[in-house]
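Visitor: Take a look at the letters that make up each chain.
There are 2 protein chains.
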Amino acid sequence: MDGFTPHAKLWVERDGQIVMSDYRVRLLQLIHETRSLAAAANTMELSYRRAWGKVKELEENLGQPLVESEVGGAGGGSTTLTPKGREIVEAYEAFQQRLRTAVDEAYAAELGPALQALEGA
Amino acid sequence: MDGFTPHAKLWVERDGQIVMSDYRVRLLQLIHETRSLAAAANTMELSYRRAWGKVKELEENLGQPLVESEVGGAGGGSTTLTPKGREIVEAYEAFQQRLRTAVDEAYAAELGPALQALEGA
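Those protein sequence lines, which keep their order, are chains A and B. Take the first sequence: its position 53, counting from 1, is numbered 53 in the numbering used here, and each next residue is one higher. Take the second sequence: its position 5, counting from 1, is numbered 5 in the numbering used here, and each next residue is one higher.
These are computed hints drawn from the structure, not numbers from a lab. Treat the numbers as computed from the prediction; the structure is a model and nothing was measured. It is possible that some hints are incorrect.
[As the list claims (entries may be wrong)] Result set (PhoX-like, lysine-lysine): computed pairs, CA atoms no more than 25 Å apart in a straight line:
1. B/Lys9 / B/Lys54
2. A/Lys56 / B/Lys84
3. A/Lys9 / A/Lys54
4. A/Lys56 / A/Lys9
5. B/Lys9 / A/Lys54
6. B/Lys9 / B/Lys84
7. A/Lys9 / A/Lys84
8. A/Lys56 / B/Lys56
9. B/Lys9 / B/Lys56
Just chain A, with the same shape it has in the complex (with noise of 0.2 Å):
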């Protein structure tokens, strides 16, 4: 039994600033999922204003409107993305995806045999 598990964590940056994150992207998901910046918000720890700002970030960052806000209705308002915003979280997704198979490929093949060597030592 060896119980390592090896991480990663991604992002993108542009000119040497993060333009993109799993953190940042996160936030996207959990508008998509939820429909509600506030929730999102809420599920990330993050004050609605704080919440607000790191997506007008990503949308300067991506020079493209990520989400869009209906006010009123029966429900209150919604906030949901757009579909370049989807788009996006989707890709970003697929990226994050390919990734976490090859860090365990990666990993099995390069540092796994190592640790396990340790354990047996």
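Based on these hints, arrange chain B on the given structure of chain A.
Guide: Only chain B this time, still in chain A's reference frame:
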């Protein structure tokens, strides 16, 4: 022109605790390069005490001595990696190297095209 670059940070956990990480392995690499814990700590802007604590923590996590110190002599003593320490650092470097390639490939396959499409939009 795109300008987006993907990045990843790696670490290994056991029972929810970080046992190895890019940061911790960097400290071992610097010890190997400089043969000095003080120099390695300085480069990483850590106190000597804190750097020593990190090394001891790593040794405890892996159940192996990773560094050895020689006291005195013309150079005033030195700290180097044990053979096991070198082996682990090399295995971790191979893990990192393989992942670096995988990150670039996954980005080019999954996320890069979506971000480039935004640019063109």
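Visitor: For this structure, which hints from the list above don't hold up?
Guide: 2 and 8
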